[in-house]
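Q: Heads up: the sequence lines are chains A and B, in that order. Each residue of the first sequence is one higher than the one before, counting from 1 in the working numbering. Each residue of the second sequence is one higher than the one before, counting from 1001 in the working numbering.
It is worth saying that the hints were derived from the structure and are not from the lab. Ideal Cβ positions, reconstructed from N, Cα and C, are used throughout, including at glycine. This list has only true hints and no planted wrong ones.
Label pairs and their computed distance ranges (CB to CB):
| hint | chain 1 | residue 1 | chain 2 | residue 2 | range |
| --- | --- | --- | --- | --- | --- |
| 1 | A | L92 | B | R1039 | 57 to 63 Å |
| 2 | A | E162 | B | K1148 | 32 to 38 Å |
| 3 | B | K1121 | A | A126 | 51 to 57 Å |
| 4 | A | S26 | B | Y1062 | 42 to 48 Å |
| 5 | B | T1150 | A | V42 | 33 to 39 Å |
| 6 | A | E51 | B | P1020 | 19 to 25 Å |
Here are a few chain B residues that sit away from chain A, every Cβ distance over 10 Å (derived from the structure):
| hint | residue |
| --- | --- |
| 7 | N1005 |
| 8 | P1038 |
| 9 | A1073 |
| 10 | S1118 |
| 11 | E1122 |
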Amino acid sequence: MEAKKVHRALQLVASLSIDKASQVFSKMIKVGAKIELEKVYVADISRATEELMVTDDFDVIGAFVDLVGDMPFKFLFYVAADDSLALTDLILHREPGVTKKFDLYVSSTVQELGNVLASAVTNVFASDFQIQMKPTPPQVVHDFASTVFGEYIMEAAADQNEILMIESMFKVVRMDIKCRMFLLPKGDTQKTLSGIIGAA
Amino acid sequence: MDAVNEITIGMADLKVGKAPQVLSTILGSCIGLCLYSPRHQTGGLLHLMMPFAGESVHQLNYKKAKYADTGVAELIHVLKKTCGVATPEIVAKMFGGAKVLKNVERNIGGENAEVVRSLLKEHGIVLKAVKVGGENGYRIKFHLDTGKVTCQIFGGQPEEF
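Using the sequences and the accompanying hints, generate a full structural model.
A: The following block contains the structure:
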């Protein structure tokens, strides 16, 4: 019963923060970003990573952010390496096709997006739930999608075989750029959330 | 490669197969350990995450393949039980153990590699090829018809071991 309540509360938090992140993202790139997927689920680490190795067998640029504070989370935003070039052109207001390879501009763009999206999430926690959190500076990694995802879940998966994930996929309208965003509760976050629900 | 013959192995998991199957995985700081019996054309791939199980062995849904100390023994056991492979027939190849995140102090990949080396020595298994370390991910494909492993480090060309 308690687990169901926590799950529902996380769904609400996820829905609000992803909605906010999508608005911020759209404003930043000046093109509509549509949420294609939004889900909260419990995943077995072996099955989740095995599936990703099959579905996302390409390289990505990912921004890792730790959300530290009352309810710590780990945040990951990634975009396929090819799509990150078009995304960089959008953010830097360049003609499409100007950015041709992964460079400092691409890295900075993904870092900035990670920062802005993670901040949007923490703002929702603060304004709607009075939960204080702040994001650490994003670390950008260019690697296989499965390597990036594996490193992202490593800390949580060290103590658990099943992890609670909040996943969202954005599609940049008219450009077919797909990006994924993940939120992973850390440590006692679920317990804290359970306490908040109990007190409400 | 015929997709039907390719078997993917996720984190904290192990799988065994026979020629002409191909076992594949993608690694970061985890280790991919390939054990092979040339006579049986049979092998297994272990995708381990941590060096030691410690207190985790008491957990309800504890995964042996997550840890080097329990995973290596489990893979040897599964090869013996399902394919009749005796330990002296087994040769090993090891990959992965990268330090992908620079802001993480602990070099878990390096620790994993060291523990696997000593465990293989304890079991008397010859380590025929090693490619570990660095800062990038590894994609490996373990061909069970030859025992060869194609290893591609992110950003580089595939190499055969």
